[in-house]
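So you can see what is in the structure, the chains are spelled out below.
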Amino acid sequence: MGESEALERAYRRWLRCYPRWFRLEHGEEMLGVLLAGSPPESCALGPMDRLDLALGGLGVRLRPRVPRSDRAARLAIRLMLLGAVVEAALAILIWATAGEIRNNIAARDPHYSTGQWHGEMTGRLEPLAIGAAVFVAVWLWMAWANGRGRLWAKLAFGLVLISTTLSLLQGLSQGSATYAPQDLLAGLVLWGVELGAVIALACSEIRRISAARAAAARTGSPSTVHTEDAA
Amino acid sequence: MTKRAMQEVTFLVLTALAAGPQHGYAILSDVATISDGRVRPRAGTLYSALDRLRIDGLVEVEREEVVGGRLRRYYRLTAEGATVLAAEAERARSRAATAIARLGLAGGTA
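Read top to bottom, the protein sequences are chains P and R.
According to this note's numbering, the first sequence holds residues 1417 to 1647 in order.
According to this note's numbering, the second sequence holds residues 281 to 390 in order.
Worth double-checking, as some hints may not be accurate.
[Unchecked claim] FRET-style restraints, in silico, Cβ to Cβ:
#, chain 1, residue 1, chain 2, residue 2, range
1, R, 383, P, 1608, 27 to 33 Å
2, R, 287, P, 1459, 29 to 35 Å
3, R, 337, P, 1579, 33 to 39 Å
4, R, 317, P, 1513, 53 to 59 Å
5, R, 289, P, 1455, 51 to 57 Å
By construction, these hints were calculated from the structure, which means they are not laboratory data.
Think of the CB as a built atom: it goes at the ideal place given N, C-alpha and C, for glycine as much as any other residue.
This is chain P alone, in the form it adopts within the complex (with noise of 0.2 Å):
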């Protein structure tokens, strides 16, 4: 009795590993064919069992819960994706070509100070490579929350492009003074990676609306439409 109840909890302390709503909804059912499953007399989880039940919570925490057939939203969460990937690209980028900068600076002007480099630096590189790997996290955020399903999410995401795209009109309504042409290049990229995005959402907001509608005119009863939010 005692090393049954000491894999028991064992088991529970690794049913941890899965979100609080995915306990509450298959918590006991999953301990039941844990134990089912178990070695009799065995009071300790296997290191595979520990591993199998570790990757299956880091599978529901992380995984989008779009069906496959909504086909637009899941093109959105690779956009976003693919926007993180590209981000990370940037701002690796900046870090690993900063000495070369440095040198090409100094082979133009030989009395290139270490103090301007320094203001280069802190000034220019450095916001931009932390700028980048905040937007890493940001597109990961957005690609996690609308894989949720989440309205916020969406809206969230919308606002990111019309901040991007003001941003991008502002420093060309100055003559890309802001921009230097690969900032620009970059810049543009991005801007078409969100726009994919945001485009895709909306055509699958508007799949979901419609489908609502066509079940509700079936059924005879009144539209209500409500976004899927993940427990």
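Starting from the known structure of chain P, fit chain R onto it as the hints suggest.
Okay, now just chain R, sitting in the frame of chain P:
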């Protein structure tokens, strides 16, 4: 547009449910039987697969019962799940037939 191949565990879980509703532990046992013991998913893998399949509308909960103080939930294949499984099975049969033909194994004359 190419469709991504279904994972083996997913295919086996759907196949297990094709015979009728089953609870979690019965699905695990059935998957092992169907695969001749080659595939033995653990509970975490099974519930990940069931979670994905429920999101996609391929399986649904049929009923719940409490046995020995523990919740037991029975899952069943939906109509869409049956369609997807049939299509995947047909693809597997077609691939296997091609492989057998190219190896000259048709008619059991290997």
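Violations among the numbered hints, reported as their numbers in ascending order: Violated: hints 1 and 5.
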